[in-house]
Amino acid sequence: MLIIHPTGRSVELQRQKTHDVRSSPAKVWQPVRPEVGAKLSDVRQQLHHAVQFAAAAGISYLEPQPDDAHISLEWVPSLAGLFSRVVPARTMFRVGVRPADLSLVVVTENDRPFAQYRLHGRTITEALEWIRFHIAVLGADPMRYTLKRHYEIPRHDVAIGDAFDASDTSHLAELEKWLANGALMLNSIARPLPHAGEVRCWPHHFDIAMRIQATRERTIGVGLEPGDDYYDEPYFYVSMTPQPTATQARSRPLWGRGTWHTHEWVGAVLPGSRLDGASMQERQIREFIDSAVSASRGLGAVQD
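Residue numbers for the sequence shown, in our numbering: 128 to 431.
The hints are simulated quantities; they were obtained by calculation from the structure and are not laboratory data.
No residue lacks a Cβ here, since even glycine has one placed at the ideal position from N, Cα and C.
It cannot be assumed that every hint is accurate.
Claimed, not checked - DSSO-like mimics (lysine-lysine), calculated; alpha carbons at most 30 Å apart, straight line: (1) Lys154 - Lys166; (2) Lys154 - Lys275; (3) Lys166 - Lys304.
As the list claims (entries may be wrong) - Across the chosen pairs, the derived CB separations fall in these ranges: (4) Ser205 - Ile287: 30 to 36 Å; (5) Asn237 - Asp289: 46 to 52 Å; (6) Ser421 - Gln192: 26 to 32 Å; (7) Thr273 - Thr218: 17 to 23 Å.
Between the sequences and the hints, there should be enough to build the whole structure, so can you do that?
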């Protein structure tokens with residue numbers, strides 16, 4: 128399955144089977160604080176490095192897919208975390224990360240927690256050894272588990288030996304809300320659409336996203352990006368491949384206080400700082416996404 132990140136870096140995708148992951152129950156929208164979004168940079172970067180432990184399960188044990196779907200993650204509401212696909216072993220398992228307390232979690236069949244490890248005060252090397260020990264108990268070859276990856280992520284001092292710092296619990300909890308809300312929103316949009324792909328978290332950019340196959344040649348990507356070089360705060364986005372021109376995009380109105388981003392890539396964005404009050408947020412984001420998807424379909428028709 129292809130996820131189109133708004134930077135436009137994308138590949139032609141194959142739809143992935145979903146029988147190896149459990150369908151997670153939906154939860155309700157959790158109001159976020161728009162004024163806090165720009166203060167989440169450090170915890171976001173630490174969490175981005177932490178989710179690489181989950182992505183490593185796919186890198187180490189699953190058959191590589193051309194679209195990297197084997198390393199993508201699932202938000203599991205019942206566990207409040209991002210989890211790998213199922214790894215076959217004597218006892219099947221998944222590796223995940225829970226944002227609220229920055230913990231690694233290994234779960235077995237039916238997402239039953241098997242072991243948990245708080246990253247606060249721990250280094251990547253220490254966490255690596257912890258995971259290898261526990262998955263060996265489940266029958267996996269621990270030396271196959273590797274953090275080597277074929278992509279780069281934003282730099283943080285934890286990558287050069289510093290310990291993780293989960294003392295900022297309020298910001299970690301806020302980031303968890305954004306991730307949970309993103310998965311909730313995208314699943315609600317994808318569920319009734321016959322040509323929508325899986326909702327997954329992609330450890331490269333750390334976005335939760337889905338793809339809509341608009342036509343044979345055109346796809347629309349819808350996602351939540353927790354923050355990046357373009358917007359240092361969480362934001363929802365809608366992009367399409369092939370991309371329209373900036374002039375074409377600006378000709379289409381957007382709802383929900385969304386705007387067109389046209390620097391280096393073209394797509395519709397709704398930064399968290401533009402969200403209204405708590406009772407209006409879910410509706411506002413849905414209106415933005417609906418208008419942006421509709422605009423993208425129209426732009427595709429114009430280009431065709």
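In rising order, the numbers of the hints this structure does not comply with: Hints 2, 5 are the ones this structure does not satisfy, whereas the remaining hints hold.
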